[in-house]
Structures are given as structure tokens and as C-alpha cells.
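**Q** Letter by letter, the chains look like this.
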Amino acid sequence: MTGILGAKEPRPAWQEKPRAITRGAKAVALIVICALVAVPFLIVVSTSLASPDEVTDNGGWVLFPTEPTLQAYEDILSGGTITRALAVSVGVTVGGTLISLFGTITLAYALSRDHFSLRKPLLLMVLFTFLFPPGMLPGYLVVKNLGLLDTYWALVLPVAINVFNLVIMRGFFQGLPQELYDAARIDGAGELTVLLRIVLPLSKAVVAVIGLFYAVGYWNSFFNAILYLNDSDKWPLQAVLQTVVTRGANLGGNTTEALSDSGAVAAPQTYQMATVVVAVVPILIVYPFIQRYFTKGVLTGAIKS
Amino acid sequence: MHTSLSRRRLLGAGAASLIAAPALAGCGTSQVRSASNVGADPVPWPEHIPFDGPEPDLPPDPRGVDAGFLRYPDRLTTSVPEKPGTGRETVTALVETYEAPPLGPGSNQYWAALNDALGVDLRLRVVPSGNMGHKIATMMASGDMPDLMLVRNWMPRVADYAVNAAQDLSEFLAGDRIRDYPNLANLPTYAWQDMGLMAGRIQGVPIVRPRTGSTVLANQEAMSEAAQGRYNDWTGEELVDALVRATGDGHYGFGSASGGWLFGAPLFASWFGAPNMYRVDDAGNFVKAEATEEYRAAIEFATRLHQDEKVYYPGAATLATETLKSMFFNGTVRSHVDNLPGYQAAVTAVRDEFTVDLLRAPTGLGRGPVSHFSGGTYGYTLFKPAAPDRIRLLLRVLDFLAAPFGTTEYELTYYGVEGAHFTRGDGDLELTELAQRENPSVVPVKYITAPPPVHFFPGNPEAARRAHAFQVADVEMGIPPLTSGLVVREARVDQNRLRNVFFDAAVSVIQGHSPISRWDDAVRRWRTDGGDRIDAELQREYEAVHGS
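So the sequence lines, in the order shown, correspond to chains P and D.
So the first sequence is numbered by UniProt numbering: it starts at 1 and just counts up by one.
So the second sequence is numbered by UniProt numbering: it starts at 1 and just counts up by one.
Simulated from the structure, these hints should not be mistaken for lab results.
Idealized CB from N, CA, C, for every residue including glycine.
Mixed in with the good hints, there may be bad ones.
[Claimed, not checked] Derived list of chain P stretches under chain D, where covered just means 3 residues or more per stretch with a C-beta under 8 Å from a C-beta of chain D: (1) 51-59; (2) 138-149; (3) 215-228; (4) 236-243.
[To be verified] When the alpha-carbon atoms are kept at most 25 Å apart in a straight line, the in silico DMTMM-like pairs for lysine to aspartate or glutamate are as follows: (5) Lys-384(D) with Asp-233(P); (6) Lys-234(P) with Asp-116(D); (7) Lys-234(P) with Glu-99(D); (8) Lys-234(P) with Glu-74(P); (9) Lys-234(P) with Asp-144(D).
Generate coordinates for the entire structure from the input sequences, incorporating the hints supplied.
**A** Right, here's the structure in full:
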């Protein structure tokens, strides 16, 4: 018998037939969990499609807009700020991911080879940064003294190699059969040939997953841009999104410290939500293409034989 | 081969780094001057020379009433006859923003026109308000200071930074020397005093804002009906009755957003006559507002409104500001605690749906109402140390940006270019669609300095009358924060930490999770955890600035 979920798996002989109430409870739980994820996103999309007056009348958000309109999207995309920031985000994400993958693959490969004499001190150095990450100020001083302020390099180089991703990839490389390396060497292959012709073709899954991790990281990053880029023309989309969404965040109170000017602007919820959609959709589109590598890539890297 | 790191080696490396850390931290230590005014020889405050411009329809009061204009002046005055720069200079400025970042001057008519009028290439380093603390910290640590830098009083050790890293402006601004910059001389003295002297010197230029503090914005028609003839002339009980009557059928009499609004309790404290931040008692000691009976009564008042009368819009502990404003705009919430900038936004947003009004404080509570003024500044701008000619150029730029309402410079700075950002007709201005994207909030020059605020609502003179009338009544009972302009060093850090003690207690009591004794415990904890030390430091500084 097949249902919408496909053929039923055979029930072990020792397992009792599930009661109707149990099945019902599971179904309800699954629906609730799905709703917890889906409804907020639906609200974001719906609010972005509603008119500002309808949003105000409904108290700040809309579930089903009565007269859907793309006005908010037209406005934010015609202003120039969002489109420019979107281009910056795409550029930083694509360029940064390629740089990160290059650095991670080459370093992970070097650290996975037992005969590499500097392997231990290098590994120690890498893990040290993992255990004791630099603070905001030392990071800023390094970027400044390297002359990277106000350049896109400041968004990429300080975070180019993530140690967690490096360790996963190194584990994956170490899990490949030693016989493959030996055979390649007997055939006269050098390290670069082994990496390019043997290791990488066998590591598509982990490269895809780590690449996605990096891409999502670059796409979502906003703080480095605000810290390192004085010219807001160079800000990526998430930095712009942060200012759009948090405008109106008022400390309140009656002290000088709390006096905020946010009251001087209206509350364009539709613009905020449209910006959120523009920021979320591109990276969301990437997921389905990478999903099939997910389990295989990460588990193979994590469990070393 | 064994590939993992030995645990002993790893722990050894970690221990070595911990030992080295303090030594490394010490590398940057150098002799620093204290910004405290204790023992300093103070320079005179800049003279206040009122600007002789268009006569306002509603007169100002230097104590805290802003001028009101019912229609746009027919004839504008020019207050800066020559361009501040020659067109070749570049000026960098770090400013805060609540808006999306602006397009650069190449694609921004407003910014380009402003650059042209200033005669400089103004390069803004725009920082979202939520990240301002981080950005300033990196500026301070790296010595990477722009020509002009906005700082705010809540930033830890900011006065020490100003004294040690920024230009001393005393020789340019103290006393009558400010006459070279007539628009800066027009800034109210309370704004200079709220910025304060640092080590007895003038270290910046204030960014002026209205002196009016927290207040209640109301749906006038709904609250008038609920007040049954006692609207804005009510006792505390009559106000409570009105709020109760305004609640029901999907409406709520009162609202408060999360955060420092704290269910409106700080505002209620002023209705009970509590001091503004501090009071000096008969023995000359500093008494913190939260430690007074009046403040305690305000917490109980808020608890009653929340627990017994149930007049609050639900979720005040976590309610987003924008959600509350939407509820006010659509008529669900009949009144809510806000401030004067909030009034300006509400008048624009509500249009003709109802009349937005500012509620007067009720009488008959505690010692009777007072009004807790804000310091009257948003923050102040520091100058990067430079040669005197360069500093004079920067001051001329600020003088332009401080040009008051009724001048051509104000028109450009606040309304943009005629034809592009506004049109003029029948004695009023009408803003264009482009003005939504190109204005002094989006290109945030109003966070460099700002002129004295005015009440002017294009096409809505009654809104200006209401705000002005509110201030006229309010100023009679206004008291500035006693800590205004005082330099605090250690205290500021502790204050921020200990503020949470009161905040947590108030939220817990007002929501009915704890009895009022929790508030009393918070007051005791404040004293024992460092509050007494903070009070003593403030008192020393107060005596140095104001005399004992």
C-alpha cells in the first residue's frame, strides 16, 4: 500500500501496531512544527505584498493581503541602494566562497598528509585560533594595518578559512583509502596531481557542503561590513537589511541616553519585509541543488575510519 | 602515525597565552588625562546670541519651549554669506543612522547640493544605530578618527577619549569667541551644558534636540470622550478612569513598547514628583530617583494599571515599537508613551484619521507633577586634532549645518533643493517623493550638529499649536536631569550594569510576578553593589561644575 509518503516500511514483528491516537498526535505535532516554520515566512511574504495602509490597519503584519501589490518591491529595487547592495553581496559571496574553498582545500590537504613535516605546528596554530578567537578590536587593528579598510578584501580575508570547515574537510581527506594515494605516487603523480586528479573528484560532496557553509556565511554576514567599510556604498545586502529592519528600535525612556530619533520616521513594514524576502530568496534557491550532498558530505567528514 | 595533538601540549599553549595576555594589554598603556572637572579651571560657556531671523508665530522660551511657525516664512534670511570651504577640501564625518544607507553624492541630488553649498567634499561614515558602540570602540582603539565624530553620553569613557584624543575647542568657542560662528552661538546654552565641560574645557559641539522628555501621545477624540469633560485637566484618578473607559471592544487605553519605556513607569514617576535622575537632599547628598518614595509609588501605579485596571495593550514587556505605533495609528491603542519626535511622526502618519495630541500630566499624585526634561542633546561631535585653520573650516561647516529655521541654509539642509525635493505653494512646502530618499535623516547630516528645534508641520498648523501649547504648560514644571553634563568615569560602566537591577525588578513587579518588596530589594542591592560609590562620584563632579 502506498500513500503520499510512499510505500510503508515493514513493521518489525516485535513492534505493536501504532494506535490511531498516537498517529494523530504525531500528525498534529508535525503540522504544528511545520506551521512554526512556515507561518512566519508566509507573514513576511504576505506583508511585503500588502499595502502600507492595510499593514497599519492590521497592526503591523498581514497573513493574507486583500489586494496584493508589488509596490514595495518596485520601490526598494528602484531606489538603487538595494540593487547595488545585492550586487555586492553576490560578488562577495561568490568570490569569497571560491577563495575560502581554495584555502580550505589546500590547507586541509596539507594537514591530512602524514609526511608533511610542518603538519603538527601548523595544526596547532590553526586549532589555537579556533580555541582563542581574536576579539573585535584586535581584528580591526589587523585589518587596518594590512591596509584592507574600505576594501572588499576586508569582508573575505579575515574569515577566509573557517577552522570547523577545515577540520571536517581534513577528516574527509584522511578517510580516503591510503591505497589510492600510494597508487598515484607509483604512477609518478606529485601532490598537486594527487589533489586535483584523485582527491577532489572523490570529494565533491564535502566540497559542495563546505562551499554552501561558506556561501551562507558570506551571504549572511553584515557586521564586518559595518566595521570595516566606511563607505556605505560598498555595503552588502545584509548590512543594508540590518539598518532597514532595526530602524525604529527605540530604547525609550526619558534620559539623554535613551533619546532616540527613530520616532521621526514612519514605519514602512512593507519595505522591511520586501527587503527580507530579497535577502532570503537567493540563498534559499541554492539549497535544493546542494541538498543531496548534505548528509553524505558532512557525515563522511565527521566519521573517520 | 599518531595525528592528534597531545592534550598536554594544547593546555600548555593555552596557559601561555593567558599569561601573556595582560602583558600584551599593557603594551598600549600610556599617560592619560582624566576628563573629570574636579580641580579643573573651567572655561566660560559659549555666549548665547539669538538669531535674528523670521518672527515665529508661537514664541520660544529658552527654558524649553521651541518656536512655532504656522506657515513657511515668505522671506528667508541668509546666515552664512560665504561658503565654508573652497571646494577643494575633504571632510570625513562619522554619523549615526536609523535609515538605509544613502546613495553617494554622484547619485544623490541632495548630497551633491549640500557639498556644493558647503564648498567641501563631505564624506560620511554612516553607522547603523545598533552598531554605534562597536564602531566607536574600534575608532577609539585604533586611533582612526575621522575629522568629525558623533559620540553619545552613554558610551563608556567617552569624555576621557574626548580629552585625550580630540581637539580642544575652547580657544575657538568659549565665551565671546563663538561670535565667529553665529549659528553655533544661537544654540541654546542648555545644550552646551548637557554636553558638559571636560577637564574644564569645551571638547565638542552639541547636537541639539527638544528638551521635552517622555510624554503620552493620545488619540484626542477617543480620550476626550473617555475623559468625560476632564480631558487634560485631570487628577490621577480621573486619568485612570478615562483609561479604563477607553479600554474595551478591542481597544486599549494605554500602550508602552518594550525596552526603556518600562510600562511608562519613568514617566509616571515624574507625575508623582520624583526627581529627574537624582535629587540633592537637605544634607547635600545625592539621592537616586529610583530610591525615592515617589518612584516606588509610580511602580505601584503602573502595577495597578497593568494588573487591576488592565488598560495596557498586551505584551508591553516585549512589544516592538513599530507594532505599538501601528496599533496607535489604526486606533486600537488610544494613548501610549512616546516623545516629541514620536509626535511629529504620528501627526504625519495618522493624517486626518484622528487628532494626535500630547497629554498633560495629572495632578493629585504624590508630591504633584513635575516634568523630566531630557538633556536637550542627541550627543555631540568631536573634532580630530588639526591646525587652527583646519579647525576653523570644520567649525564653519558646522555653523552652516546649525543654521536655524527661516534661513536658506536650513531650507537646503532640511528640505533639499526646490523643485527636486520640495515645491512651494501658498505659503507652505510640499515634499516630493524624492525627499523620502534624500533628506538629512537618510544622508544623516543632522547627526553632525543641528539647529534649535521648531514646531512646523507643513499644511497642519494646528499640530504646531498643540505641541507648542504642551511645551508652554510643561516648561513651568520642567526639571533637567541633575546629571546633565557631568563627567563620570567608572560610574558610567557600573551605571549601565546596575540599571538592569532596577529594570528587572520593575518588570517583575508590574507584571505581577513579584511583590513590591522586590523593588525595595533592588534599591538595597543598588546601594551595596556600587550605587553609593557612583552617587559619591557624581556628587563630587556636580560640586565641581555647579558649586556645592
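**Q** Would you list, in rising numerical order, the hints stated earlier that this structure does not obey?
**A** none
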